[in-house]
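Q: Fit chain B to the known structure of chain A by using the hints.
For the record, the sequence lines run as chains A and B. If you count by our numbering, then the first sequence holds residues 1 to 115, one letter each, in order. If you count by our numbering, then the second sequence holds residues 1 to 115, one letter each, in order.
It is worth saying that the hints were derived from the structure and are not from the lab. Some hints could be false.
[Claimed, not checked] Derived, one-sided and incomplete: chain A residues facing chain B with beta-carbon distance under 10 angstroms:
#1 Val12
#2 Gly40
#3 Arg44
#4 Tyr48
#5 Gln104
#6 Tyr105
[What the hints assert, rightly or not] Covered by chain A, per the in silico footprint, the following chain B stretches (three or more residues, Cβ under 8 angstroms):
#7 38–48
#8 102–114
Because the structure is a prediction, the values reported are computed rather than measured. Backbone N, C-alpha and C fix where the C-beta goes; we use that ideal spot for every residue, glycine too.
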Amino acid sequence: NAGVTQTPKFQVLKTGQSMTLQCAQDMNHEYMSWYRQDPGMGLRLIHYSVGAGITDQGEVPNGYNVSRSTTEDFPLRLLSAAPSQTSVYFCASRRGGTGVGREQYFGPGTRLTVT
Amino acid sequence: AQSVTQPDIHITVSEGASLELRCNYSYGATPYLFWYVQSPGQGLQLLLKYFSGDTLVQGIKGFEAEFKRSQSSFNLRKPSVHWSDAAEYFCAVGASAGNNRKLIWGLGTSLAVNP
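Next comes chain A alone, as it looks inside the complex (with noise of 0.2 angstroms):
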């Protein structure tokens, strides 16, 4: 199994530019979620889906916007890039729609900087 994996590693976008963060599981995980991770601030959540076809938002959903059309895919887009997105997106997945019981296993990251 590949696990969580997301793309691109890296990427540097200007202010207005709009791009979508692509992650994908191979482990028939119900739930999936986006999270951004800021330095003294430590993990947000932006949206989460416990199902394909159902999302919902975290703490900090503004300036994003996800789907879930299959199980596998959860992409993140950015409608409107600001700088103050500039940050790493961390993909995540566990099994089990609702609670959070379950071990969420990590993607590599994305590290996004806004110019």
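A: Chain B alone, transformed into the frame defined by chain A:
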């Protein structure tokens, strides 16, 4: 309000010394408790978790943690630290009941290991 506190932002220990990383939480229900490790430039990996039962939990890489309900703590320990343990460590708490799909994350403790 639910919260997780990791009081130590940064810790430095010598290789071979013992280690204790602190985690305190504020949560009304019986919690699920987790410790994750993030090596430089990598995603997070689960070290161990506690749901119920024996309050001393063994994890991977020689780590253990003890749940103390009276102190609302879940401290991570290792008897002898290796240079490869240098990483960021995150404590996380989740609800053991209900439909809460989100974990609450601490801000992390950065561990440096002196040779």
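Q: Verify this for me: three or more residues of the stretch 38–48 of chain B with a beta carbon less than 8 angstroms from a beta carbon of chain A.
A: Contact hint for the stretch 38–48 of chain B vs chain A: holds, 6 residues under 8 angstroms.
Q: Classify the hint on A:Arg44 as holds or violated, based on whether any CB of chain B lies nearer than 10 angstroms to its CB.
A: At 8 angstroms from the nearest chain B Cβ, A:Arg44 passes the 10 angstroms test, so the hint holds.
Q: A closest beta-carbon separation below 10 angstroms is what the hint needs, so does A:Gly40 meet it against chain B?
A: A:Gly40 check passes; min Cβ-Cβ to chain B is 7 angstroms, inside 10 angstroms.
Q: Measuring from the C-beta of A:Tyr48 to each C-beta in chain B, is the shortest one below 10 angstroms?
A: holds (6 angstroms)
Q: Checking hints one by one. Is A:Gln104 an interface residue toward chain B, by the C-beta closer than 10 angstroms rule?
A: holds (7 angstroms)
Q: Quick one: see if chain A covers the stretch 102–114 of chain B, three-plus residues with Cβ-Cβ under 8 angstroms.
A: Check passed, 6 qualifying residues.
Q: Would you settle whether the hint for A:Val12 is holds or violated, based on the nearest Cβ-Cβ distance to chain B being less than 10 angstroms?
A: violated (17 angstroms)
Q: Closer than 10 angstroms between Cβ atoms is the bar; does A:Tyr105 clear it against chain B? Give me holds or violated.
A: Hint on A:Tyr105: holds, closest Cβ of chain B at ~8 angstroms, below 10 angstroms.
In summary, the structure is inconsistent with hint 1 from the numbered list given earlier, while agreeing with all the others.
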